[in-house]
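Peer 1: Here are the chains, one letter per residue:
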Amino acid sequence: MAEAEAVPAVRELTYVRAINEAVRLVLAEQSTAFVAGEDVAGAGSVFGYYAGLLEEFGPERVFDTPISEEGIVGLGVGAAATGLRPVIDIMFMDFMGECMDEITNQMAKMRYMFGGAATLPITLLTMSGAGMNMAAQHSQSLEAWLCHLPGLKVVMPATPYDAKGLIIAAARDDNPVIVALNKMSLRFKGEVPEAAYEVPIGAANIVRRGENFTIVTYSRMVHEALQAAQELAELGVDAEIIDLRSLQPLDSETVLASVRKTHRAMVVHEAVRFGGLGGEIAAQIQEHAFDDLDAPVGRVGAPFSPVPFSPQLEKSYVPNAAKIVAEARRLLGA
Amino acid sequence: MTAQPDDATLLDIHERMTRIRIFETEAGKLMEDGKIPGALHLYVGQEAVAAGVMAHLSNADWITSTHRGHGHLIAKGGEFGRMFAELFGRSDGYCKGKGGSMHISNMELGMLGANGIVGAGPPIAVGAAFSCRFKQTRNVAVTFFGDGASNEGSFHEAANMAALYKLPIVFVCENNGYGEYTPQANHQAVVDVADRAPGYGMPGAVVDGMDAVAVYEAAGVALERARDGAGPTLLECKTYRFFDHVGVRGMGLSYRTDEELAEWQQRDPIVLFEQRLAELGVLDPGAALAVRDAVAAQVQAGIEFAEASPMPDPAVLLDDVYA
Ligand SMILES: Cc1ncc(C[n+]2csc(CCOP(=O)(O)OP(=O)(O)O)c2C)c(N)n1
Ligand SMILES: [Mg+2]
Numbered sequence: 001m002a003e004a005e006a007v008p009a010v011r012e013l014t015y016v017r018a019i020n021e022a023v024r025l026v027l028a029e030q031s032t033a034f035v036a037g038e039d040v041a042g043a044g045s046v047f048g049y050y051a052g053l054l055e056e057f058g059p060e061r062v063f064d065t066p067i068s069e070e071g072i073v074g075l076g077v078g079a080a081a082t083g084l085r086p087v088i089d090i091m092f093m094d095f096m097g098e099c100m101d102e103i104t105n106q107m108a109k110m111r112y113m114f115g116g117a118a119t120l121p122i123t124l125l126t127m128s129g130a131g132m133n134m135a136a137q138h139s140q141s142l143e144a145w146l147c148h149l150p151g152l153k154v155v156m157p158a159t160p161y162d163a164k165g166l167i168i169a170a171a172r173d174d175n176p177v178i179v180a181l182n183k184m185s186l187r188f189k190g191e192v193p194e195a196a197y198e199v200p201i202g203a204a205n206i207v208r209r210g211e212n213f214t215i216v217t218y219s220r221m222v223h224e225a226l227q228a229a230q231e232l233a234e235l236g237v238d239a240e241i242i243d244l245r246s247l248q249p250l251d252s253e254t255v256l257a258s259v260r261k262t263h264r265a266m267v268v269h270e271a272v273r274f275g276g277l278g279g280e281i282a283a284q285i286q287e288h289a290f291d292d293l294d295a296p297v298g299r300v301g302a303p304f305s306p307v308p309f310s311p312q313l314e315k316s317y318v319p320n321a322a323k324i325v326a327e328a329r330r331l332l333g334a
Numbered sequence: 335m336t337a338q339p340d341d342a343t344l345l346d347i348h349e350r351m352t353r354i355r356i357f358e359t360e361a362g363k364l365m366e367d368g369k370i371p372g373a374l375h376l377y378v379g380q381e382a383v384a385a386g387v388m389a390h391l392s393n394a395d396w397i398t399s400t401h402r403g404h405g406h407l408i409a410k411g412g413e414f415g416r417m418f419a420e421l422f423g424r425s426d427g428y429c430k431g432k433g434g435s436m437h438i439s440n441m442e443l444g445m446l447g448a449n450g451i452v453g454a455g456p457p458i459a460v461g462a463a464f465s466c467r468f469k470q471t472r473n474v475a476v477t478f479f480g481d482g483a484s485n486e487g488s489f490h491e492a493a494n495m496a497a498l499y500k501l502p503i504v505f506v507c508e509n510n511g512y513g514e515y516t517p518q519a520n521h522q523a524v525v526d527v528a529d530r531a532p533g534y535g536m537p538g539a540v541v542d543g544m545d546a547v548a549v550y551e552a553a554g555v556a557l558e559r560a561r562d563g564a565g566p567t568l569l570e571c572k573t574y575r576f577f578d579h580v581g582v583r584g585m586g587l588s589y590r591t592d593e594e595l596a597e598w599q600q601r602d603p604i605v606l607f608e609q610r611l612a613e614l615g616v617l618d619p620g621a622a623l624a625v626r627d628a629v630a631a632q633v634q635a636g637i638e639f640a641e642a643s644p645m646p647d648p649a650v651l652l653d654d655v656y657a
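Taken in sequence, the protein lines are chains A and S.
Going by the numbering used here, the first residue of the first sequence is number 1, and it counts up by one from there.
Going by the numbering used here, the first residue of the second sequence is number 335, and it counts up by one from there.
Hints are not guaranteed to be accurate.
As the list claims (entries may be wrong) - With a Cα cut of at most 20 Å, we get these calculated EDC-like pairs of lysine to aspartate or glutamate:
id, chain 1, residue 1, chain 2, residue 2
1, A, K323, S, D647
2, S, K500, S, D542
3, A, K315, S, D654
4, A, K189, A, E12
5, A, K315, S, D647
6, A, K109, A, E56
7, A, K315, S, D653
8, A, K183, A, E29
9, S, K363, S, D654
10, S, K430, S, E641
11, A, K261, A, E194
12, A, K323, A, E234
By construction, these hints were calculated from the structure, which means they are not laboratory data.
Quick caveat: nothing in here was measured; it's all calculated off a predicted structure.
Based on the sequences and whatever the hints tell you, model everything.
Peer 2: Structure follows, in structure tokens:
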């Protein structure tokens, strides 16, 4: 028995299975947790990540809602303020518009407005990202909207390991945490421990160590950056890649320490470049590490247009490894 | 009361329904063959609603549609070639390939777009109806939306405003019994969405959405009322989608029974309508077949047109973001 316990229980899981496992563990460990959203119970979500939870936890704790996003998030806010720990699902991040008042003016601010008297332990799961020809209203990355709201935490996992750990951390956190998942990552595989573990919210992860170029990124762009790093290596660039994982709070220290070492930096995200998180991060770097920089801080993001439907257009729209390499070359004057 | 449809109108409704059925069936096959990217929500089973309503409208009347929008555009006069081109993401598509199935639209035909956001149509239609009156026309707006969409706040706000301002608009709820995979009984406590109409201060009516004549007649009453300046109506059409929520077979979830589907298929709106036309001596089975063959040929020509259309040049990516 002792021998069996000594074997670390780690398996390969897909991103979608890791999400499922995290939510299952949350429901098991928190008697006041419940899952509410459109087609989360009977269908187990259109992405499949709540599969089996209705059967395991019953219809009081996993239930389908009407197509009423403002009502769904409002239900989460009211239930959280009065002692429950809701896990709320908004199927696509693009539907945030439907419930943005509940998020902006209620969820994010209630505690502060009440002088600290209210606590809102809400986990809001949603799905971001382009790449599947889902067109302008099912492909967006709107995290900048959310990171601009004091009172919210925002995380965007790139891997199955982080998806599970961040969801568990979010559910144990006494603040509202938005977990923006990525639809192109659902089938990605990675090692995931069986246990309930947390990935700390607010801690970035250095996914590749490098000496002379810092790439700050998150969500699916982490994988594009890793690919770009291989090409950059051929040009003599040894890129250090930081997966932020958490956007709010932001692990500025890890970013700055890296830039102080490499003297060059670029921020990469799938969201529209203008007004995206890249601007904030670039500003922080120049504020705190100006003298360490050998070049301006670069930014790679989507162009300033809605996400186009046509596959060819979408391909040229979404940032990728080639665009990261091109931006690095530009910054290096190479 | 509007008159019953005359023979020419009956034939017109039949052709609209047939056009939708064959287009959608072919689109479903193309999607399953991997030739149409993205998500495709097909209208098969619900044809009587679009055809029965649209038979009353001109290009100067506006409609808003849903994610399940091809049927509405076809009934409003959409051309197969340009529609397939849009579904394929080609430059000759109605939206130059930028919108795809979920955003297919055509301003000349008065079609304000399919929509990826459930419940987005009704408020936009309120604006279009306001515009019709502002310009002192007798034109109207019709907003199509599902049973699921009737639970969005946007629908309630639009219904209240339309009644308050007595706007020339008709709310057409296509109640197909499901919002995605959730049956109506699990998403709202009412059975008839039309029951809500008095709460907004407008008349409501329930219609058999598998019966194109019933839809035509009820829509006629509502549209006349709207054009006369007497305000909105909520028309609920009970219908059913024969295919899955997305595509033909969808994700393979078992959220409805084969028996239920078979029961509704017994009431196939096109079969019912063709029986009726045969009884009336308006269209015999041979003539109905000829209509189908002619439409099928047009659908094939449309696919060929779309396949020959070039993909958009990446240089157009930033075009049309602003006027
Ligand atoms: C605001 C918003 N919420 C959720 C969705 C996801 N969604 C797409 S279609 C659909 C079901 C709509 O049901 P209904 O209005 O009855 O139309 P039907 O599909 O039955 O034609 C849902 C939930 C969406 N597209 N937009
Ligand atoms: Mg429906």
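Peer 1: All the hints need checking, so say for each whether the structure fits it.
Peer 2: The hints, checked one at a time:
no., hint, result
1, A:K323 - S:D647, "holds (18 Å)"
2, S:K500 - S:D542, "violated (26 Å)"
3, A:K315 - S:D654, "holds (18 Å)"
4, A:K189 - A:E12, "holds (6 Å)"
5, A:K315 - S:D647, "holds (12 Å)"
6, A:K109 - A:E56, "violated (34 Å)"
7, A:K315 - S:D653, "holds (16 Å)"
8, A:K183 - A:E29, "violated (27 Å)"
9, S:K363 - S:D654, "violated (32 Å)"
10, S:K430 - S:E641, "holds (14 Å)"
11, A:K261 - A:E194, "violated (36 Å)"
12, A:K323 - A:E234, "holds (16 Å)"
Consistency note: the structure conflicts with the earlier hints numbered 2, 6, 8, 9 and 11.
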